[in-house]
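Respectively, the protein sequence lines represent chains A and B. Mapping to our numbering: the first sequence position 306 is 306, numbers consecutive. Mapping to our numbering: the second sequence position 70 is 1070, numbers consecutive.
Only true hints are included.
Some residues of chain B that are not near chain A, with every Cβ distance over 10 Å (derived):
(1) Glu1045
(2) Asp1076
(3) Lys1079
(4) His1081
(5) Asp1120
(6) Gln1132
(7) Ser1136
(8) Glu1138
(9) Lys1141
(10) Glu1163
(11) Asp1194
(12) Pro1201
(13) Glu1208
(14) Leu1211
(15) Lys1216
Calculated lysine-lysine pairs in the DSSO-like style (CA-CA distance at most 27 Å, straight line):
(16) Lys1167(B) / Lys1092(B)
(17) Lys301(A) / Lys1190(B)
(18) Lys1190(B) / Lys311(A)
(19) Lys1167(B) / Lys1139(B)
(20) Lys104(A) / Lys1018(B)
(21) Lys346(A) / Lys318(A)
(22) Lys1139(B) / Lys1209(B)
(23) Lys1160(B) / Lys301(A)
(24) Lys1160(B) / Lys1092(B)
(25) Lys12(A) / Lys54(A)
(26) Lys1215(B) / Lys1092(B)
(27) Lys1079(B) / Lys162(A)
(28) Lys1190(B) / Lys1205(B)
(29) Lys350(A) / Lys316(A)
(30) Lys346(A) / Lys2(A)
(31) Lys353(A) / Lys301(A)
(32) Lys48(A) / Lys118(A)
(33) Lys91(A) / Lys57(A)
(34) Lys1215(B) / Lys1139(B)
(35) Lys162(A) / Lys1018(B)
(36) Lys1167(B) / Lys1212(B)
(37) Lys91(A) / Lys1190(B)
(38) Lys1160(B) / Lys1205(B)
(39) Lys318(A) / Lys2(A)
(40) Lys1160(B) / Lys1139(B)
By construction, these hints were calculated from the structure, which means they are not laboratory data. The beta carbon of each residue, even a glycine, is placed where N, CA and C say it ideally should be.
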Amino acid sequence: MKDEMTSMERWKALLNGDPVDRIPVVPFASGFDASVNGYETMGDFFAKPEVQVKCQKRSREMIGYDEPPHLMPPGYWAEQWGSEVELPYRKAMSSPSVTDPVVKTAEDLEELEIPDPKETMQDFHKMVELAIEDDLYPLVTIWGGCISAVAPHMVSIEQFMKWLRTDPGLCEMALDKSAEFTISVAEWFAEDFGTDTWIPWDPLPTDANVLISADNFGELVVPRLKKVHQKVLDLGLPMWFTHWCSDHNKNIEAGHVDKIPHGDPGVIYFGPEVDVERSVELFGDEHIITGNVDPPSVQNKSYEEVLQLCKENIEKGKDSPRGYTLTCGCGVPPRAPPINVYAFVKASRKYGKY
Amino acid sequence: MSDDLFGELTDAVVAGDKDRCRGLAEQALDEGVDPYRALMEGCAEGMNIMSDRYDEGEAYVPDILLSAEALYEAMDVLKPHIDVEDTGVSGKVLLGVVEGDIHDIGKNVLKSIFDAAGFDVIDLGRDVRPEQFQESIEKEKPDILGLSALMTTSMTGMPKIIENLQKAGLRERVKVMVGGAPISEDYAEKIGADGYAPNAPQAKKTAEKLLKQKKKEA
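Bound conformation, chain A alone:
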């Protein structure tokens, strides 16, 4: 059962396409990390750069997984635009919430200026710097050109959804602005931190087919997301770690996921809505595939049951040609029992040896 590699060696080997001793475990555990570090709420975790980095580093050491810190700015990519955000200082909250998006009307959107990252993202810059100084090779949220970075961060989801039908030009404008902003953040970080010390990642929940059609995604999002991903890769970043959150099956069928550059390889992270076997079959030859044990099970089931779910996930993904990592579907629930998160590591050691 003794590991032959350290967590960081395993994480870097996975990304570099080098052999690993066993399946890397990257459960996406940010809120959980705050919780096991003794924070009663997630407020400080999201508000304070040093807390976000420290919590993720320590819980990785404690539980034994291989996940680097994945970093989200305190303003949640919303305050930067002028939207109001409530940080999760209430126990019932698990992440920041956009309480009042800055754009209410077409005029608001037209007049909305693209923020200067150096004025609005200093705390995020500090957070990334802390993680890089500690050689943690973090995942850094670079979020734009997709609906998930626009609604509700700039405009409410309902308003954006209605504009999709009544005034798609406004949707395009919002997506273009978010793309431009995020590219400028990536350029700044690449200039200050280089391109071999961090990995960009983006989540796409509001772009899923439970909300919008594959046609809408193809027409509006694909060109802009493609542009953001390609520009960032052109800066010299090696890959994208992209979470195709929720149900993207229709986007897969329409060939949209293939059109988005993820790097060679990139990391494709689907939620439990897409079976790992299918991910491997469709994308395994080109990209690293993540597992996706479903989050409510990790929160509500027993250690033995979670271990079994991890085993089944590993069996489906282990031999994916470009690599596989055991992951929790849309991230570990913040209040999951720590022993159930340890089950991921245990499963890797028991069933995931190469």
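Starting from the structure of chain A, add chain B where the hints point.
Relative to the frame of chain A, chain B by itself:
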């Protein structure tokens, strides 16, 4: 004549054309058409069509939202002229997204489908504290309480709400149904809910079933 108008109202809701809906609703009143029939046989039928299309993956949230907007436009015109006794309202439903969760788009879609189905819907909104649910149950006396959550953190608020109702002696008064992305039928059963639905159109069926059950028990 009425049938043509009902058909046009149905089409206007399906098309999400709120101006046309308002115009047709006003026309219905001018022509002396029963406003309740215009609402149920015209507008609600349009919402039923959209609900089925959504359930079958042929319509998406933007379509439902626009149809709901059109429905409410007609309701604004017609409702003040409807005699409450004529409505035969099938039940009263209290809806809300549980504390800590601001994801209310699913709940809003559900509300429009419930409104169209003729339920008397009270919407407490999002990020609703357990005490607010309890207070509203005492005040409004709904037949059904519908709880929604999208986050694994906020879903843990559901059993607390049910426990509170139990402690306050209100549990027997109301059927509780739950839904939202992380919720499953097993979870609903585990926390002592009476019903579960994976999406808004299915929720309507669950609510109808629970109402029948409640009436039987009465």
